[in-house]
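Asker: Below are the chains, spelled out letter by letter.
There are 2 protein chains.
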Amino acid sequence: MSKLDEVYSKLTIRNGAKIALVVLDGLGDVAVASQGNLTPLEAARTPNLDALVRSGCAQGRMIPVAPGITPGSGPGHLALFGYDPLEFEVGRGVIETLGLGLVLKAGDVAARANFCTLDAQGLVTDRRAGRIATEVCERLCGLLSAKIKKLGTNEVLIIPGKEHRFVVVFRGAGLEGPLTDTDPNREGLPVAVAQPVDAANAGQKKVAKLVADFYKAALPVLKKEQPANGFLMRGIAHQPQIPTFEERYQMKAAAIAVYPMYKGLAQLVGMEKIEGPQTIQEQLERYVKEYDTHDFFFIHYKYTDKAGEDGKFGAKVKAIEDFDAALPLLLARKPDVLVITGDHSTPCVMKGHSWHPQPVLLHSACSGSDKLDRFTETGANNGSLGIFEAKYLIRLMQANARMFDKFGA
Amino acid sequence: MSKLDEVYSKLTIRNGAKIALVVLDGLGDVAVASQGNLTPLEAARTPNLDALVRSGCAQGRMIPVAPGITPGSGPGHLALFGYDPLEFEVGRGVIETLGLGLVLKAGDVAARANFCTLDAQGLVTDRRAGRIATEVCERLCGLLSAKIKKLGTNEVLIIPGKEHRFVVVFRGAGLEGPLTDTDPNREGLPVAVAQPVDAANAGQKKVAKLVADFYKAALPVLKKEQPANGFLMRGIAHQPQIPTFEERYQMKAAAIAVYPMYKGLAQLVGMEKIEGPQTIQEQLERYVKEYDTHDFFFIHYKYTDKAGEDGKFGAKVKAIEDFDAALPLLLARKPDVLVITGDHSTPCVMKGHSWHPQPVLLHSACSGSDKLDRFTETGANNGSLGIFEAKYLIRLMQANARMFDKFGA
Numbered sequence: 455m456s457k458l459d460e461v462y463s464k465l466t467i468r469n470g471a472k473i474a475l476v477v478l479d480g481l482g483d484v485a486v487a488s489q490g491n492l493t494p495l496e497a498a499r500t501p502n503l504d505a506l507v508r509s510g511c512a513q514g515r516m517i518p519v520a521p522g523i524t525p526g527s528g529p530g531h532l533a534l535f536g537y538d539p540l541e542f543e544v545g546r547g548v549i550e551t552l553g554l555g556l557v558l559k560a561g562d563v564a565a566r567a568n569f570c571t572l573d574a575q576g577l578v579t580d581r582r583a584g585r586i587a588t589e590v591c592e593r594l595c596g597l598l599s600a601k602i603k604k605l606g607t608n609e610v611l612i613i614p615g616k617e618h619r620f621v622v623v624f625r626g627a628g629l630e631g632p633l634t635d636t637d638p639n640r641e642g643l644p645v646a647v648a649q650p651v652d653a654a655n656a657g658q659k660k661v662a663k664l665v666a667d668f669y670k671a672a673l674p675v676l677k678k679e680q681p682a683n684g685f686l687m688r689g690i691a692h693q694p695q696i697p698t699f700e701e702r703y704q705m706k707a708a709a710i711a712v713y714p715m716y717k718g719l720a721q722l723v724g725m726e727k728i729e730g731p732q733t734i735q736e737q738l739e740r741y742v743k744e745y746d747t748h749d750f751f752f753i754h755y756k757y758t759d760k761a762g763e764d765g766k767f768g769a770k771v772k773a774i775e776d777f778d779a780a781l782p783l784l785l786a787r788k789p790d791v792l793v794i795t796g797d798h799s800t801p802c803v804m805k806g807h808s809w810h811p812q813p814v815l816l817h818s819a820c821s822g823s824d825k826l827d828r829f830t831e832t833g834a835n836n837g838s839l840g841i842f843e844a845k846y847l848i849r850l851m852q853a854n855a856r857m858f859d860k861f862g863a
Numbered sequence: 455m456s457k458l459d460e461v462y463s464k465l466t467i468r469n470g471a472k473i474a475l476v477v478l479d480g481l482g483d484v485a486v487a488s489q490g491n492l493t494p495l496e497a498a499r500t501p502n503l504d505a506l507v508r509s510g511c512a513q514g515r516m517i518p519v520a521p522g523i524t525p526g527s528g529p530g531h532l533a534l535f536g537y538d539p540l541e542f543e544v545g546r547g548v549i550e551t552l553g554l555g556l557v558l559k560a561g562d563v564a565a566r567a568n569f570c571t572l573d574a575q576g577l578v579t580d581r582r583a584g585r586i587a588t589e590v591c592e593r594l595c596g597l598l599s600a601k602i603k604k605l606g607t608n609e610v611l612i613i614p615g616k617e618h619r620f621v622v623v624f625r626g627a628g629l630e631g632p633l634t635d636t637d638p639n640r641e642g643l644p645v646a647v648a649q650p651v652d653a654a655n656a657g658q659k660k661v662a663k664l665v666a667d668f669y670k671a672a673l674p675v676l677k678k679e680q681p682a683n684g685f686l687m688r689g690i691a692h693q694p695q696i697p698t699f700e701e702r703y704q705m706k707a708a709a710i711a712v713y714p715m716y717k718g719l720a721q722l723v724g725m726e727k728i729e730g731p732q733t734i735q736e737q738l739e740r741y742v743k744e745y746d747t748h749d750f751f752f753i754h755y756k757y758t759d760k761a762g763e764d765g766k767f768g769a770k771v772k773a774i775e776d777f778d779a780a781l782p783l784l785l786a787r788k789p790d791v792l793v794i795t796g797d798h799s800t801p802c803v804m805k806g807h808s809w810h811p812q813p814v815l816l817h818s819a820c821s822g823s824d825k826l827d828r829f830t831e832t833g834a835n836n837g838s839l840g841i842f843e844a845k846y847l848i849r850l851m852q853a854n855a856r857m858f859d860k861f862g863a
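Those protein sequences? They're chains U and H, same order as listed.
Our numbering applies: residue 455 is where the first sequence begins, and numbers increase by one.
Our numbering applies: residue 455 is where the second sequence begins, and numbers increase by one.
Since the hints were derived computationally from the structure, they do not count as laboratory data.
Predicted, not measured: the structure shown is a model, and the values here were computed from it.
Treat the hints with care, as some may be off.
Which copy is meant is left open, because identical chains are indistinguishable; a pair holds if it fits in one copy or across any two.
[Claimed, not checked] Here are the simulated lysine-lysine pairs, BS3-like style, with alpha carbons at most 30 Å apart: (1) K616 x K727; (2) K603 x K766; (3) K559 x K457; (4) K805 x K472; (5) K464 x K559; (6) K756 x K860; (7) K601 x K760; (8) K660 x K457; (9) K860 x K805; (10) K472 x K825; (11) K860 x K457; (12) K663 x K766.
Could you put together the complete structure from these sequences and hints?
Answerer: Structure representation (structure tokens):
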């Protein structure tokens, strides 16, 4: 734990305050001429957000990881949960597995895998096996699962994803990552051997042997398949031991998310997954129901990011307006501290995540007012929160919830 | 010393420039609806500050310690003096002692103490002895002082505070803190034994023995007193060796403060205490008189904080207006660099210190103008200084005083 985290821990008072963190995924955007020089937040009609802002909010912008770094969903959310994404690195295999809805245990080693095509010499001729249909992927994973349930004393889990993608999880004692990829990264080369990143690490050596054994057992099963007669593994790493949200912040947390990836990320830090809600209305209604049973509520809304990824400005505007229409459901039982933000920006013009600091709005009895009329990127540039690293957001929420003792006399 | 501090030191040129740092204690505030959506700075009539701003000032906001952390006066001022409050931690006993006007030496161990009530079994029945009158506290401290002047070769100083509060100082060779409290923190428990925080530390062990000996000598003196027949000690720590202000910044500094706590904090870093002035007018007149004898002037004004602590918006507005009325006295002999700020925020609505970044104004021949009309929290959000950690303020003042050489060619 960093010195500063230690100071925060010592100052923390558990006081039962209620905090809601609403993540509009990929919310941040940039104003470009082709979009009328407006961001989706600026273009959207948001009467409820506007009223919230005028009732007294602090605004600012958050750097997800570090200047210029575009985060994936994992680091983006870890930062929002107060875990420095440069300190708590979670392997891509683990994140992919969470995205498929599998519950991992600390120490589980997970890898992303692709089906691929190999020629008679074992050289990779297509790294994605012609992007086979998802049903084919599911059938092949079924074949592998039926054949390989254990390697030595270690459990093996094989879970199909979309098209050529799947994940492999090794579960056993003393396993550790990370390992190098077996993906040679271009066609014409043989499948690489996964190597321990630290040659002296016993756990990594154990996993290197497991990966080799897995190939020995799996390749014969696929031998007659076309085009998917091989596979490549990437991001082989174990789920790190992460101090739980409750340990760090003295709050019992609930995750009200729809997509498995975000439920998984919340579960990674020990939040309780709330199952059931499928729409933002249902999510906010559920928040009200759970109000008395938890202290911290992580509410995740996917559609802003989806529209950004698709480059659909109108769809992103509508996603924001849909959220705005649902917002009164949450305000009916206002938490002591309410934050609305994104995990990163997903500018429509970029059709993908970006490094642009996402706007953030914080409302509490002592947030004060920044005298802004709306919640927008440009307005947030002038807010009292300034531009800060996302990992500090949780500390500002705790401060506004009066959860910190004074530092020094 | 941090790497960056070393760089600053190497670049520093002593050039006799004059710098004045005016601290309006607890200046920062938040705008809430119940106060007409204005902060005291926004509500106050400040013609002299306004004119100063329009003559060309840089503004910004300062994070006293770290995001969300509410500082006491100690860390708040250490940061303003350029000492990272996370690096230079000063125990509560030391700060309390400074507040009572006692001059400590490096190595002195100080503890905050409370008179308390003990039952026949030695269990604490009232941690504050019914908040006895200050006169009773003074009488009891007198009894203890008369009886206990030394323990072994170590000097013992006992100084009464307000109501049940007093401080105990141990002065001798090789003493060190911190130790755990003897305060059990709730009634019904016996007085705890002060333990070294680091069991292997010889200086701490020495102090643990001293505290035990002090109890042995003092409890009999109080035996027949009612209700104050015992006492509890907290924040037992030694005054750290702090490099002096002049060593660090190549400036001879004067502290023009009224309250003992702030004189003490200034003295802790080696500033010279200027005694005499009781009002802000007298303080600013004295600054003019001392202009030629010092390079750096720390001028402390308490009443903004006092009003904030009392939750009195009108009183805080008036405190600001009173300062504004006196300001021309200072401007009559304008320093090369003038900073007006707070050591932290004390929002009226919170009736206490807070973490909200305090506004800061810096005027010099090269500060430039941020094109703002007034000095307010909302305006400062848009200033050229941005939002930065308070420990850097001294560096910005030095830079504006042209005290830094170029870094690199």
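Asker: Next step is simple, just say for each hint if it's right about the structure.
Answerer: Do the hints match the structure? See the list:
no.	hint	verdict
1	K616 x K727	within (23 Å within a copy, 52 Å between copies)
2	K603 x K766	neither (43 Å within a copy, 71 Å between copies)
3	K559 x K457	both (28 Å within a copy, 28 Å between copies)
4	K805 x K472	between (35 Å within a copy, 21 Å between copies)
5	K464 x K559	both (28 Å within a copy, 28 Å between copies)
6	K756 x K860	between (37 Å within a copy, 19 Å between copies)
7	K601 x K760	neither (37 Å within a copy, 75 Å between copies)
8	K660 x K457	between (34 Å within a copy, 27 Å between copies)
9	K860 x K805	between (45 Å within a copy, 13 Å between copies)
10	K472 x K825	within (25 Å within a copy, 37 Å between copies)
11	K860 x K457	both (17 Å within a copy, 29 Å between copies)
12	K663 x K766	neither (46 Å within a copy, 71 Å between copies)
In terms of the numbered hints stated before, the structure departs from hints 2, 7 and 12, listed from lowest to highest.
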